[in-house]
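Asks: Okay, here's what each chain looks like letter by letter:
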Amino acid sequence: MEPGRCKGISLIFLLTALQVFSSAARTLDAGPGTQLLRISYALSAAVHGDTIRIHGGEYHEGNIIIDKQVVLLGLGRPVVDGDHLGEIFSIKADGVTLDGFRIRNTGVSGLNDYAGIKIYNRKNVIIKNNILENCFFGIYTQYGLNCVVSNNVLRASQGREQLSGNGIHCWKSDSLIISGNSITGHRDGLYFEFVSHSLIWRNISEKNNRYGLHFMFSNDDTYASNVLEGNGAGVAVMYSKNVRMFHNTFRDNWGDASYGMLLKDITDSYIQGNYFESNTVGIFVDGGTRIQMYRNSLRNNGWGIKITSSSMDVKLNYNDFIGNTFDVGTTGNLVLNDFDHNYWDKYEGYDLDRNRTGDIPYRPVSLYSMIIENNPPALILFRSLISTLMDRSEKILPSITPESLKDNYPLMSPLKLW
Amino acid sequence: MKKLIKYNLLDIVRNRIVLAYTLLLALITLSVFSLEDNAAKGQLTILNLILYIVPLVCIVFSTIYAYNSVEFIEMLLSQPVRRKTIWLSLFCGLSGALSLAFLAGLGVPLIFLDQSRTGILISLAGVFLTVIFVAIALLAAVKTRDKAKGIGVSVLLWMYFALLFDGIVLFVLFQFPDYPLEKTMVGITMLNPVDLARIMILLKMDISALMGYTGAVFREYFGTNAGISVSFLALTLWALLPFYFSLRNFNRKDL
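Read top to bottom, the protein sequences are chains A and B. Going by the working numbering, the first sequence opens with residue -6, and the numbers climb by one from there. Going by the working numbering, the second sequence opens with residue 1246, and the numbers climb by one from there.
Because the hints were derived from the structure by calculation, they are not lab data. Predicted, not measured: the structure shown is a model, and the values here were computed from it. A few of these clues could be false.
To be verified - Cross-link-like lysine-lysine pairs, in silico, DSS-like; alpha carbons within 25 Å at most:
{"id": "1", "chain 1": "A", "residue 1": "Lys61", "chain 2": "A", "residue 2": "Lys121"}
{"id": "2", "chain 1": "B", "residue 1": "Lys1449", "chain 2": "A", "residue 2": "Lys409"}
{"id": "3", "chain 1": "A", "residue 1": "Lys200", "chain 2": "A", "residue 2": "Lys61"}
{"id": "4", "chain 1": "A", "residue 1": "Lys388", "chain 2": "B", "residue 2": "Lys1329"}
{"id": "5", "chain 1": "A", "residue 1": "Lys339", "chain 2": "B", "residue 2": "Lys1449"}
{"id": "6", "chain 1": "A", "residue 1": "Lys200", "chain 2": "B", "residue 2": "Lys1329"}
{"id": "7", "chain 1": "B", "residue 1": "Lys1286", "chain 2": "A", "residue 2": "Lys339"}
{"id": "8", "chain 1": "A", "residue 1": "Lys308", "chain 2": "A", "residue 2": "Lys234"}
{"id": "9", "chain 1": "A", "residue 1": "Lys339", "chain 2": "A", "residue 2": "Lys388"}
{"id": "10", "chain 1": "B", "residue 1": "Lys1286", "chain 2": "B", "residue 2": "Lys1449"}
{"id": "11", "chain 1": "A", "residue 1": "Lys257", "chain 2": "A", "residue 2": "Lys234"}
{"id": "12", "chain 1": "A", "residue 1": "Lys200", "chain 2": "A", "residue 2": "Lys85"}
{"id": "13", "chain 1": "B", "residue 1": "Lys1286", "chain 2": "B", "residue 2": "Lys1329"}
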């Protein structure tokens, strides 16, 4: 027998075995019109491996502790209301699935992190297709392993930053998949601290009070195709390594202390194919090391990218810089980074040999941007004749702007990345 | 009085230079908006036009016109007309005609092409700058008897407002880098109508760079209705004060 068929047959065996195993588990119904009126009754009636179907209705049961491996399935989107008292679902068993609920009104506290759904030191938990409204913390993972949080909608309208919680909050977890969630109105939309080997994919985090995405000490994570839009201070990622960010959108993060993306002490990371539009600062690199930024599109930002001179081995190649007020800002004269092969719409050089690369280098740092970096009140001269004249003369004979910060091979036409 | 203003106005409107100025403005405005795909970029070009070209044309043209109408003024003085009336009609004629030219060439096309509030603000600022630089030109003309010298003074004044003033501001800023000069800067802006117009327009259209603490201070000041009112009041003063001084000078002048 050829190996392909062998594999197929063993798969069939496996599936049959699984079906036999799962048919051993019962399915319980709970809710109005059934014998089990409350979710907690159903939970105490259930045993390991059961599926509980919760029918539509409104449940006011305070804190619900799930300490058995069960599947909680909401039919007709049952409402679980916490009456502003405390935590709602506490998951204290491995392999729990929570699917299809509308969870609302947790308590608010300065001492406890009350959450709509909280996972306590568990693995293989799946939380999907829930709507969380007006929760202090939305979905909270603490020492979670192999958990999936997907297709949830989290909405809150929280006021002060001190008394507001995060949407999806993960702490000391590993191998999570956070995908397809939409988060609005929390403090930080997505918050990760000590989270590793995780995938954060296709989430929409918008109009949160502070950061759309905020992580610290979280290594080896991948962030792909997320949309981070209109958050109070944009996105801040700190003290992490091996971060991979692909095809995310950072848009409209506008304000005095707002960044499209703030990178603080990030090392060995990839930032590729992302889209930064209309942010006060597109990317702010504060002490980055060995970061590869390829094929990002930076459009209509105040600053395209700000990079401190403490950053080194940052490779910024094949990016589009279009319509930014200032393309690059920096703090000092030391440049240990690579800015070649980008497209800059402000480039005024020529291409005589027709190889689509400009023949003279482009210096993306303007003198005036250096001046306002060191002397903010000089902003009053923005777009005045004198600042334009100074920039022109500086471009010809660089004296204050860092001599080596230049693109030696600027592209003549945009890469049209988006 | 009315008759005199009407005469002055018609005389200037029919002037070939003013016609050319109108056409030039219209041409630039139309080409900017048809060439640029980005409306904000077009606005920037228009901004430079208003801040630097409009004042230059206004101040030079008005000075020359004032010198050229010396004989006409002398003729009028032999009639029973008050000096104040003559000078006022000259001012009204010049500023009225140049404002009309500006609005016809730039203001109206801009408001039609770029239907945002910024367009209206830009036009308004342009009219103010026109009137202000006519007033400054009259002051320069009345202070100097020699025509060549008078024109030179006008050009220098333009240069001062467009370039030198900002240079001095920058110099001062560099002397006191450690002081919080944001609020002082707001005050200092009032001393230059070109800067004032620039900041007002920029805050409405291109806040992207006006950020951080400084941006917040400026926005807090210039962005509010009260700030805009005070700014326009300052611009009005910039038109009235030079004219008042030129009028006083003209009244006492031995022609």
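Asks: Compare the structure with each hint and give your call.
Replies: Now the hints, each set against the structure:
no. : hint                  : verdict
1   : A:Lys61 - A:Lys121    : holds (18 Å)
2   : B:Lys1449 - A:Lys409  : violated (30 Å)
3   : A:Lys200 - A:Lys61    : violated (36 Å)
4   : A:Lys388 - B:Lys1329  : violated (52 Å)
5   : A:Lys339 - B:Lys1449  : holds (23 Å)
6   : A:Lys200 - B:Lys1329  : violated (61 Å)
7   : B:Lys1286 - A:Lys339  : holds (12 Å)
8   : A:Lys308 - A:Lys234   : holds (16 Å)
9   : A:Lys339 - A:Lys388   : holds (12 Å)
10  : B:Lys1286 - B:Lys1449 : holds (14 Å)
11  : A:Lys257 - A:Lys234   : holds (11 Å)
12  : A:Lys200 - A:Lys85    : violated (32 Å)
13  : B:Lys1286 - B:Lys1329 : violated (44 Å)
Checked against the numbered hints given earlier, the structure breaks hints 2, 3, 4, 6, 12 and 13 and satisfies all the rest.
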